[in-house]
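Trainee: Given next are the chains, with one letter for each unit.
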Amino acid sequence: MSATFHKNPQEWLDVLMSVTKEFAVETLGFGSYETKGRKDGPPDPGIGTYIPLVGASASLEMGIVSTELGCRHLSGALLGMDSDESEEMAEDDMVDAFGEIINIVAGVVKQRVNEEDSTFNLGLPILVKGQIRAMEHQITAVADVVTGNIPVQLVVVTPRCME
Amino acid sequence: MNILIVDDSKAMRMIVKRSLRQVGYPDDSMQEADNGNDALTSIKAAKPDVVLCDWNMPGMSGIDLLKALKGDGIDVKFGFITSIATPEIRQEAEGSGALFVIGKPFAPEKLKEALDKVL
Numbered sequence: 000m001s002a003t004f005h006k007n008p009q010e011w012l013d014v015l016m017s018v019t020k021e022f023a024v025e026t027l028g029f030g031s032y033e034t035k036g037r038k039d040g041p042p043d044p045g046i047g048t049y050i051p052l053v054g055a056s057a058s059l060e061m062g063i064v065s066t067e068l069g070c071r072h073l074s075g076a077l078l079g080m081d082s083d084e085s086e087e088m089a090e091d092d093m094v095d096a097f098g099e100i101i102n103i104v105a106g107v108v109k110q111r112v113n114e115e116d117s118t119f120n121l122g123l124p125i126l127v128k129g130q131i132r133a134m135e136h137q138i139t140a141v142a143d144v145v146t147g148n149i150p151v152q153l154v155v156v157t158p159r160c161m162e
Numbered sequence: 000m001n002i003l004i005v006d007d008s009k010a011m012r013m014i015v016k017r018s019l020r021q022v023g024y025p026d027d028s029m030q031e032a033d034n035g036n037d038a039l040t041s042i043k044a045a046k047p048d049v050v051l052c053d054w055n056m057p058g059m060s061g062i063d064l065l066k067a068l069k070g071d072g073i074d075v076k077f078g079f080i081t082s083i084a085t086p087e088i089r090q091e092a093e094g095s096g097a098l099f100v101i102g103k104p105f106a107p108e109k110l111k112e113a114l115d116k117v118l
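For the record, the sequence lines run as chains H and S. With numbering that gives the first Met the number 0 applied, the first sequence covers 0 to 162. With numbering that gives the first Met the number 0 applied, the second sequence covers 0 to 118.
There may be inaccurate statements among the hints.
Said to hold, decoys possible - Stretches of chain S that chain H covers, calculated by requiring three or more beta carbons in the stretch to come under 8 Å of a beta carbon on chain H: (1) 3 to 13; (2) 82 to 92; (3) 98 to 109.
Said to hold, decoys possible - Derived, one-sided and incomplete: chain S residues facing chain H with beta-carbon distance under 8 Å: (4) Arg17; (5) Gly58; (6) Ser60.
If you're looking for bench data, these hints aren't it; they were derived computationally from the structure. Where a beta carbon is used, it is the ideal one built from N, C-alpha and C, also for glycine.
Whenever a hint applies, use it, and build me the whole structure from the sequences.
Mentor: As structure tokens, then:
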């Protein structure tokens, strides 16, 4: 591991955005992917799936947030379903598939930074309904994205000391 | 042919099954387990031709399952399908007896290529 390896939240968000774009286009098969903006601050209320990434150089959570319909369409795309099938998917299946999306994306993020720090471990995905709020010692970075007409927010939560 | 798919995610098991179908494996060749302990029991009861296993699972992880099999003297063809296919993971997997490591996301052809080499 490089002793100088450091990424601030926006740099982690850059990696997450890059990986998610590839995943949305190449794996989920969406024909479009557009970044609408980015900010420091909490994501909008919605359904989010988050996964921890913890290593020697950093500790963070990465997440993907969308509307319920958006989550269903993203999850359905992963499972090869059409729109109607996605909207009728059982909630447990949607939660499971949405978690698998962040698991796959975070795994590729880990591979992207592996040369700089190979100690990162992925946790297990959790689903959050509503709005997350950063604690006093944390900072969030958010990117607004639209892929396949689905509004998505990509989220990085890090300790403030990584700012 | 008997392929055991081990993953805590139903979605991922569905994706692996769909990929296997796409490269010519029939549905009746596929069995599933959603955790390492059930997989261990299943493998002991009916030795599959190959195990396709996730790495990161709650409870018994994929690598723990592989080590438990080796510890019990059970020799079964074993490969990982994981989102964390780094060189370190590949080294640990192969050092523990895994025959291949496939990174997620993967194309069905990648799965076929790995299986063709070991079956």
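Trainee: Would you pick out the hints that fail for this structure and give their numbers low to high?
Mentor: Violated hints: 5 and 6; rest satisfied.
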